[in-house]
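S.K.: These protein sequence lines are chains A and B, in that order. Numbering that gives the first Met the number 0 puts the first sequence at residues 0 to 312. Numbering that gives the first Met the number 0 puts the second sequence at residues 0 to 331.
Everything labelled a hint here was simulated from the structure, so no lab data went into it. As the structure is a prediction and not an experimental result, all values here were calculated from the model. Beta carbons are placed, not taken as given, at the ideal position from N, Cα and C, and that holds for glycine. Treat each hint with caution, since some may be false.
[Said to hold, decoys possible] Here chain B is said to cover these stretches of chain A; the calculated rule only asks that three of the stretch's residues, wherever they fall, bring their Cβ under 8 Å from a Cβ of chain B:
hint	stretch
1	146-155
2	196-204
3	234-245
4	254-261
[Stated by the list, open to error] Lysine to aspartate or glutamate pairs mimicking DMTMM-like chemistry, simulated, CA-CA at most 25 Å apart:
hint	chain 1	residue 1	chain 2	residue 2
5	A	Lys-143	A	Asp-127
6	A	Lys-108	A	Asp-295
7	A	Lys-112	B	Glu-216
8	A	Lys-291	A	Glu-137
9	A	Lys-143	B	Asp-281
10	A	Lys-112	A	Glu-165
11	A	Lys-108	B	Glu-216
12	A	Lys-143	A	Glu-27
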Amino acid sequence: MRPRIGLLLGDPAGIGPELVAKLIALPETHARADVLLIGDRRQYLRGADIASTLDLHPVFIECPSSTEDYAPGNASAAAGDHVLACLRTAISRWQVGRIDAIVFAPLNKQAMKLAGMSHSDELRYFADLLGYRGSTSEINICGKLWTSRVTSHIPLRAVSSALTVEGICEAANLLDRALRTGGVAEPRIAVAALNPHAGEGGLLGTEEIEIIGPAIREARARGMSAHGPLPADTLFIAARRGDFDGVVTMYHDQGQIALKLLGFDRGVTLAGGLPAVITTPAHGTAFDIAGKGTADVRALREAFAVACRMVSR
Amino acid sequence: MPSKPRIGITLGDVAGVGPEVAVKAVLTPAVTARCVPILIGDLSVVRYYAERLAPTRTLRAINRPAAAKTEASDLQVLDLKNIEFSSVRVGQVDVASGRAALEYIRTGVDLCLAKELDALVTGPIHKEAAQQAGINAPGHTEYLAALCGVSEVRMLLVVGHLRALHISTHLSLREALDCVTQERILKTIRYGVAALQQLRIGKGRIGVAGLNPHAGEGGLFGREEIEEVAPAVAAAQSEGLDVTGPIPPDTIFHRMNRREFDLVVALYHDQGHIPLKLMGFDSGVNVTIGLPMIRTSVDHGTAFDIAGQLTANPESMVNAIELACVMSSDEF
C-alpha cells in the first residue's frame, strides 16, 4: 500500500514553504507516496512563487493561518501559533489513521516559544500530544548512518554521572527499533566509549568497565547486535566504511562533530521512540536566505524518503 | 642550496607495521629528495623488509648520523644490534620488541639533543609491550617529554590543512575536564602560535573550541566557556594574537576545513581526534610541541593484525617525515 505522508510547510517566515514547493515539484515524491499538505494553501503558493515551481494543486488538509503575511526571516508569535496548530492537526490526523507518517519543513523554536509552547523542544511536544510516556531521543541520520545519544543538552562535566546501564540500553533500543522499521533486518550497532582509547583498560577512565560494557552486554541479552565500547575517534571511520548501521554516542558533540563533517547539514532528524514516524531536515529555518529561492531541498527530500521507507512495510 | 636535514626514523615496535612503513617511506623519492633519512633500529629487521620491498637496493649500516651519505640511494641504518628479526614474534606482544623500541627512541632523542640529527620521526610502539619493557609513562609523547626533561608538552594532530592542538594528552575525560582552565588554555594558544611558526605557516589564525554543547549556549549547558575559555581568548587577543573563540565544537572543525582557521585548540583528546581522524583516513601526523627538539610521529598504531604482510599504508609515515623536513628547514 502506498504510504500517505502528512507534509508540513514549517515556519512560514523560513525556507520551509519554498522547500515544500520544490519537493512537490519532484516527480519522485509522488512516485513514493500520496502527499497530504497540512497548512495554509496561501503559504504553499507563496513558496511555489519563490521557488519558481508550478502550482501542482496538492491535496490539502487545511489549517488556515490568521494572516497571510509573515515577514521572511522573522521569528514571530503569530507564525509560531500557526505552526503549533499545524502540528496538532498532523498528530490528530495520524491518530485517526488518515496519514501514516509526518514530515515537516524546519520549525523555529523561538517562534513556538513566543506562541506559548512550554516544552523543551518539539519532540517533547509530540510526545505530549500523543500521550506517550516512554523515552524519546533525537535520531540523526546521515546517509546510511543513524545515531542516537545517551545524553544531549547538558554540560560535558555532567555526562559521566548521567550515564546509566538503563539509559545506554534505551538509546540503543530506540536506534535498533528505528533501524528495523527503516528496513535494516539485523542492525549492527556500535556503542561509543566515553574516554580516549576507550579507557585503555581502566588506565584512562573506568566508565567503560563499570557502565558502558555492562550496558552492551545487557543490550545483547535483549537481542540487539551491540558492539563496543569503541574508541570514539576511530568508530566513525568504521561506521562510514559501513561496518555499522547505527552508533550510540554518549554525549552531544561526540556524534555531532563527526556528523557535521560527514555532511549532516543535508541530514535528517527522526523523532526517536515515538509511536508515530516523524522526520524533518537536520538544518533550520535559515532565516538569512528565506524568500530567495536558493534553499537546498536535498535534506527535506531525504527526510521524506526516510519517512516513506519507514511506513512502507 | 641549504643542506638536507638529517632525519632519524625509529622503527617502533618491530613486531608491528612500524619497520614496514619506515622502509616504504624511505624508498619514496619525495622523501629522499628532501632529507637524509636515517633508520634507527636493527639491521636484520630492515633487511627483512628491504629484501621484499626493494631487493636491488643496498643496505648500509652506520654507527653515527654524521657517517650518513647525503646523496645516496642506499638505505642507511643506524644499527643498534638489539634484536634479531628471526627471533621476533611478528604480530605479538613481546617484552623484547618493547625493549628494543624504547632503545630506538632514547637513541633518537640523544642524537637530536646533541644536534647530530635535525629531527626525529617515530614509528608506532605497542603500549603493552612498552609497559612490560618499563616505559613508565602513559604514552610515547610523555616518554619523550621525560627523556628531554620537560614537564609539559602539547599534542598536535595534523591532517593536511587541519591542525588540532590539545590542551591535555592522555587523561580520562573527567581528569581532562579539570585541565580546562584559563591558564592552561592561554598557554596552549601560545604553544599554537609557536607550532604555526615551526610549521612555517607564520602568523596563523587560531580558533578555540568550546567545551559544552553549542559552546554552553550562554551558560545554559555549562559555564566553562564563560569562566575559562572566553577570558583566555581575551588575554591572547590583548597580546595581539589572531584568536577567536569559544566556538561550538561541532562547527569549529567544519570552519577550519573551510580554511577559516589554521589551527584549532581542542579541549580534550577526542574533541580533536574525532574530526581529524575522520578527515585523515590513514594520513594523519602527530607532532609534539614544547620539546627542545623536533618530533613528529605516525598517527596509527602497530596494527599487529596486518604486521609482516607488506600491505601497510605508509602515507602517515611519509607525511610525518615531510612535516619534520618542513619544521627543520632553514627557510622561513
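S.K.: Against the structure, test the hints numbered earlier, and report the numbers of the ones violated in rising order.
M.R.: Going through the list in order, the structure violates hints 5, 8 and 10 and respects the others.
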